[in-house]
Amino acid sequence: MASAEKQQESGPLLRAAYEGDVDRVKELLLAGVPVDIANQAGLQAIHFAAKTGNVDLASELLRQGASINVPSHDVFTPLYMAAQIGHLEIVMLLLAQGSDPTTKTQNGSTAKDVAYQQGYQAVAELLEEYERRLIQRSRENSVEDEAEKSPKPTNGVKSKICPKNPSYQEVIPSPKHSPLKTKPTNGVEK
Numbered sequence: 001m002a003s004a005e006k007q008q009e010s011g012p013l014l015r016a017a018y019e020g021d022v023d024r025v026k027e028l029l030l031a032g033v034p035v036d037i038a039n040q041a042g043l044q045a046i047h048f049a050a051k052t053g054n055v056d057l058a059s060e061l062l063r064q065g066a067s068i069n070v071p072s073h074d075v076f077t078p079l080y081m082a083a084q085i086g087h088l089e090i091v092m093l094l095l096a097q098g099s100d101p102t103t104k105t106q107n108g109s110t111a112k113d114v115a116y117q118q119g120y121q122a123v124a125e126l127l128e129e130y131e132r133r134l135i136q137r138s139r140e141n142s143v144e145d146e147a148e149k150s151p152k153p154t155n156g157v158k159s160k161i162c163p164k165n166p167s168y169q170e171v172i173p174s175p176k177h178s179p180l181k182t183k184p185t186n187g188v189e190k
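The sequence shown begins at 1 in the UniProt record's numbering and counts up by one.
Do not rely on the hints blindly, as some may be mistaken.
[Unchecked claim] Straight-line distance between alpha carbons at most 25 Å, and here's what the computed SDA-like set of lysine to any residue pairs gives:
{"#": "1", "residue 1": "51", "residue 2": "41"}
{"#": "2", "residue 1": "51", "residue 2": "100"}
{"#": "3", "residue 1": "104", "residue 2": "142"}
{"#": "4", "residue 1": "104", "residue 2": "40"}
{"#": "5", "residue 1": "26", "residue 2": "15"}
{"#": "6", "residue 1": "104", "residue 2": "18"}
{"#": "7", "residue 1": "104", "residue 2": "119"}
[Unchecked claim] Label-pair restraints from in silico Cβ distances:
{"#": "8", "residue 1": "140", "residue 2": "98", "range": "14 to 20 Å"}
{"#": "9", "residue 1": "143", "residue 2": "26", "range": "42 to 48 Å"}
{"#": "10", "residue 1": "104", "residue 2": "21", "range": "30 to 36 Å"}
{"#": "11", "residue 1": "20", "residue 2": "122", "range": "20 to 26 Å"}
{"#": "12", "residue 1": "11", "residue 2": "102", "range": "29 to 35 Å"}
{"#": "13", "residue 1": "107", "residue 2": "143", "range": "30 to 36 Å"}
{"#": "14", "residue 1": "24", "residue 2": "129", "range": "35 to 41 Å"}
{"#": "15", "residue 1": "36", "residue 2": "108", "range": "23 to 29 Å"}
{"#": "16", "residue 1": "64", "residue 2": "108", "range": "28 to 34 Å"}
{"#": "17", "residue 1": "27", "residue 2": "75", "range": "28 to 34 Å"}
Simulated from the structure, these hints should not be mistaken for lab results.
Note that CB positions come from ideal geometry on N, CA and C, so glycine has one too.
Given only the sequences and the hints, what does the whole structure look like? Please build it.
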């Protein structure tokens, strides 16, 4: 697809996303406009949903395959933009769907940093707690990986090692409007 055509297609989708017109966005996506079309600044519809705090639109775009961590040319992710404006529900939705809170902008700022700078304490604290849990989980996985690599004394006795529960996911508070919000913990809904 030629660049001029791509820019022309991006106009209506990005305009509809900016205006929060979920029905128009659905129409355009059904008509074949790519969900990841971007403007000259690298902003996609998911960025506008995050910036305007539109949970329904963000949920729809994610269902349609929008990238959760897509950066603009300035490395502003949807999470960063939501944190910058203080949209707690969007931040929760994006985190629940796997957004990376450690991504840094060109000036080295994270979503947590900008939330603190803008005075959005609840958003900043949520991001800080989420980062802390990611670091803790990473350390635990690292220790488990090292333990799996170490030779185990057998003494002629075979033992069964219980596998990690594949359904375990850390519970993240999720927006009440999000159909994507359920995170099972050891098979038990919370």
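>> Checking each numbered hint in turn, tell me which of them this model violates, lowest number first.
In response: No hint contradicted; all consistent.
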